[in-house]
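Participant: The residues making up each chain are set out below.
2 protein chains.
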Amino acid sequence: MKYLFLLLIVVSSNAQTKKEQQLSLMPLPQKVVVLNHTFLLTKDFKINISGNPDSRIFKAATVFLRRLDERTGLFFNQGFISKKDEFPEAQLQINCLQKGETGIHDDESYHLSVQSNKIQIEATNDLGALHALETLSQLLQNNRTSFYFPSVVIEDKPRFSWRGLMIDGSRHFQPVNVIKRNLDGMAAVKMNVFHWHLADDQGWRIEIKKHPKLTELASNGSFYTQEEIKEVVKYADEKGIMVVPEIDVPGHASAILTAYPEIGSRLSGEEPYAVEIRSGIHNPALDPSNPLTYQILSEIFDEVCPLFPGPYFHIGGDENNGKEWDANHKIQKFKRKNHLETNHDLQTYFNLKLVPMLEKHGKKLMGWEEIMTKEMPKNAVIHSWRGVNEGLEPGASLVKAVKNGYKTVLSNGYYIDLMLGVDSHYLNDPMPENVVLTQEEKAGILGGEATMWSELVTPLTIDSRIWPRTAAIAERLWSNDTVTNLESMHKRLKQISFRLEEIGLTHIRNKQVILRNISNYQDTQSLNDFTNICEPYKIYKRNGGGKKYMMYSPLTLFADACTADAADAYEFNKAVKNYLENKELVNQKIVTDYLKKWIAMDLDLTRLSANAPLIQPVLPMSNNLSKVSGLLLQTIENKRNISKAYLNELLEQFNIRNPADVELAVYDSLKKLAE
Amino acid sequence: MKYLFLLLIVVSSNAQTKKEQQLSLMPLPQKVVVLNHTFLLTKDFKINISGNPDSRIFKAATVFLRRLDERTGLFFNQGFISKKDEFPEAQLQINCLQKGETGIHDDESYHLSVQSNKIQIEATNDLGALHALETLSQLLQNNRTSFYFPSVVIEDKPRFSWRGLMIDGSRHFQPVNVIKRNLDGMAAVKMNVFHWHLADDQGWRIEIKKHPKLTELASNGSFYTQEEIKEVVKYADEKGIMVVPEIDVPGHASAILTAYPEIGSRLSGEEPYAVEIRSGIHNPALDPSNPLTYQILSEIFDEVCPLFPGPYFHIGGDENNGKEWDANHKIQKFKRKNHLETNHDLQTYFNLKLVPMLEKHGKKLMGWEEIMTKEMPKNAVIHSWRGVNEGLEPGASLVKAVKNGYKTVLSNGYYIDLMLGVDSHYLNDPMPENVVLTQEEKAGILGGEATMWSELVTPLTIDSRIWPRTAAIAERLWSNDTVTNLESMHKRLKQISFRLEEIGLTHIRNKQVILRNISNYQDTQSLNDFTNICEPYKIYKRNGGGKKYMMYSPLTLFADACTADAADAYEFNKAVKNYLENKELVNQKIVTDYLKKWIAMDLDLTRLSANAPLIQPVLPMSNNLSKVSGLLLQTIENKRNISKAYLNELLEQFNIRNPADVELAVYDSLKKLAE
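From first to last, the protein sequence lines stand for chains A and B.
This note's numbering runs 692 ahead of the 1-based position in the first sequence.
This note's numbering runs 692 ahead of the 1-based position in the second sequence.
The hints are simulated quantities; they were obtained by calculation from the structure and are not laboratory data.
From a predicted model like this one, the values you see are computed outputs, not experimental measurements.
Certain hints may be false.
Which copy? The list can't say, so a pair holds if one copy fits it or any two copies do.
[Stated by the list, open to error] As a list, the in silico DSS-like pairs of lysine-lysine whose alpha-carbon atoms are at most 27 Å apart:
1) Lys902 / Lys1186
2) Lys902 / Lys751
3) Lys775 / Lys905
4) Lys1230 / Lys776
5) Lys1134 / Lys810
6) Lys776 / Lys751
Can you build the whole structure from these sequences, using the hints too?
Facilitator: Here you go:
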């Protein structure tokens, strides 16, 4: 149906009207005015570029047009957009005043106006125009026969300047095509910083020509060549994304020390260094008392820095447990000689020696919060990450950083590897509550970064762990701080998830690949139903203290087909809530339909398991759920008495660790029904 | 259930026993003996390499182990296999006498023996060992709780030495990750030649440092850098695959001439050359009378040849319609001066000048069959491709080539872009029937190549057009010529298709992405049902003479979700055949169940189309099918009289071109039911 807009509706960023709610925009723009007509798309739709933009706008406009063609099947006549001012009568006009500079300092604002016969994008520079095109593509709507844009006027700009995603290419190597499609995903939700974690205990992932041993001995053959690095940096820049490389030192050093044991802190005669195959915090640490350490790092930085045009270089600096330092008498002697009382002081000594190595290349040092000491130069960026899981107050380092004059980026609360629900990430705001900050201190909070640690993710599953939750984090970092409505976010996120698939992300399609493998190519419907109510164990539980999964262990199991925010769990939880508030039949039926579905699902899984060993680990949970469902049906539908004790005994089973490494996401609601 | 083998069954390559039939091996090995026990897989399963193999065996063994781990979830203790003779007690022993040489000349045989506690691979060299590992991975079986290999003794070697796949990277650019996953697919079915079509009218796809204009002006930004070429060649070599580059000259030249119009045959003052956006045979041709043509080609070859270690270089040479030559008086004068009577003679003159350019780099010239003339040196390889669609006798050029002392490769009958059924490709044998050839002539038939022309394929759809049909072609080229049973092939192909998905091919998973787009993210079940009885228009019909699709037109439509060999059509056709032979109720029900399914499907598609413009083009066909199904149900189930004339009128509708670009694959069976 065509929308009939009878009123001019002005929307402030504090609330969403019904019309704005029907738009699935994420991040929500600062200001959206919905008007009363539509712009109809036809095959004659053309794009024209004017003004003074960077050349990247031409590629972006072409990609936009082709994606629109793929969604609408309209067969646009226009092929490639490559010349300025080529079609002054084109329906979509993009005008940029100047060239934009990728990074966190330039203007990213835009003005988007959709009228019934014309669309206008005005931006200070092409960065804003790129953002406008992403917004426009999210505006697409349709009726039975046509595609169109609703007429709107949008003014938009980001709240935070650092809106990042970190991908760990070390624990599980992520090839270039994986990186590129995730850069596309970032651009789709207006993220602008890609933090590339390139070295860790489990692998050194970047070619260093002067030190070929690093990849020869410490990469198991999986690493990025310098050409590939350049290709990714160029690709990112075309989408307005700055790349920040990370070489994590002095801890997390198993890989670099496998290649160069001579700069390690382990005493000779001890077990030789080897590339780590397990997760966790490991002992290997660089020797800060050895001049060779600094020589090699300097030579590495000399090669890595020129590959990255951005001004930031991340040196890691986290989780150095100091054990190797404590056990090494030479290092202890060095500490005493240099009046370095603690390991923290020694690490500071080490970090400070890296600063000029990077400054030489025009890079500012960035590091995880452990680098924050009195002597650290104020232009270092502090990456705040520790919180409850580390026994510390979340965001404490963030406040400490800005109060001490540093710039800081928040990742605590955006640890997407922990498989927490999107709500927790969405409501996690970089601006601390209950703390008074000056304007300058507030300006020191640059933004945040979602961190995709890859101990348990492979190219097959990584997109499902990043998306769609990171789109909600992107909104937190772009949109106004009053945009916090969870129901609206969930509704829009569902649509955005489909947009992300269309641009090439595999978070939806790859699940079926895993399910087909698990079901041994029998029907996957029941398995799919089960994944929709299970979530992988959260935080660090799945890996059982780093003991269960080696870096080469299989990640094609039921838990890998599950994601955070199990789809049916969200719906079931709502249904149970409604039912418990109002037990009328229509509410009851929604609940009992799920219970019946799970009983049938269990029968089916049991049947299929006769020919599918990988279904076996999920059967105990499925069987138990079937029993619980049966009992609940008796009491809800048949109004029979049941043994509450037995029911609760069955429910308790869900709290015992099961071999499928997943938790039942509808557990709480079942408990409520069982009361 | 464990298999109980009571007898020792010796199987010759002429027939398959029941036990062998339960194995889903493709290509079928030369000799398979199935024994009476099984090898149980546990997490202690290890691999050991011994002998004198090329280092590629270590990577291949590691990949094999990891894939096995992903399929079984056994958590194998062994990580990376990197040292020879590391585990002399390992259950899987791989022994190679010597290093293998990638190409078409080396021994590729292997001996695979699976016993109850040991697996032995013996091969002359690592090429055979690689093949053995692929066979072994296809042998995997399971019962309810365990995975195992059946005990077998297999001796195997290929029938033909040239077992190729050509990918056209020009019409639609195919990025490196697409090429690599298809190399994986090729290796899985023991193919060993990758023919890379790098330049054509629609785009020049390879970086030439001395001539940057080629990519700057004629690639629309999509091309392979020389580093990427090297990376792909290395990746292919690790899998025992030889890469043959193709630069198609002197026709198919729109792209090269966009960069270098000065070496074209168009007269000045005429329309300037431009990268072609349409399919078909185009006029642009290089000027063979201009010395600059040869200079530039020589410089291009000087850069391209060293990137490819194999001995063959394909210069194309097809479909030069001669129009530009005929219209150019200078060229006509040149012909007369050099006593070259026809355009064919002139092209031969041109081709012969290329020979020393390639010989300089140790390359033998290969070209499409049009290059075959008296003067062409006998070490040129003739690529036989023309047949019925070109108004010629299929395979005629093949026979002519070997009778004239050439080596030849067959692609006619393996044109997988034409969307023909797998049966036609499977039964197409490179050895001509009804022709008497000497042993030497037979040896001149090196093998065959499936050709993936990409006018209508993108990275999203290409795998579904190559696989799984190319696996059947791989069997034709590897297995004995008596292996021709269609039912066995179809049964095994279904399993092999799943194996191909597991190693990374997207032919199954990407269909759902397209369907979700078409259904506008509503339910896709009915669309999926419809794709299972429709096939894209075959041969050159879909593109309507090259007029419908430009190179940038959308290929995310219903026809792109369909493939050759529509899955339900195969089953329905069998069901109708059975029913017409024997009209008992059980056979009738299978048929009528489909008819009812299609009536419900049409209702559902009509409902969904209210919110999905991309469903509209399939509705006429779906509606019509529903009507036909309804009438057939009346006569089959209800034994009512219906108007045969009306029914046939409805059936005739399917013969009119519909906007969905697909044909109804169950049409013939419906016609039979309507008689």
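Participant: Can you tell me if Lys776 and Lys751 fall within 27 Å by alpha carbon in one copy, between copies, both or neither?
Facilitator: within (12 Å within a copy, 50 Å between copies)
Participant: If the cutoff is 27 Å on CA atoms, where do Lys1134 and Lys810 land: within, between, both or neither? Let me know, please.
Facilitator: neither (40 Å within a copy, 67 Å between copies)
Participant: If the cut is 27 Å between Cα atoms, do Lys775 and Lys905 qualify within a copy, between copies, both or neither?
Facilitator: between (47 Å within a copy, 17 Å between copies)
Participant: Between the shortest in-copy and the shortest cross-copy C-alpha distance, which are at most 27 Å for Lys902 and Lys751: within, between, both, or neither?
Facilitator: Result: close only across copies, 25 Å inter versus 35 Å intra.
Participant: Give the relationship of Lys1230 and Lys776 under a CA distance limit of 27 Å: within one copy only, between copies only, both, or neither.
Facilitator: Classified as neither; 51 Å inside a copy, 40 Å across copies.
Participant: Within a copy, between copies, both or neither: which one fits Lys902 and Lys1186 at a CA-CA cutoff of 27 Å?
Facilitator: neither (48 Å within a copy, 50 Å between copies)
Hints 1, 4, 5 from the earlier list are contradicted by this structure; the remaining hints agree with it.
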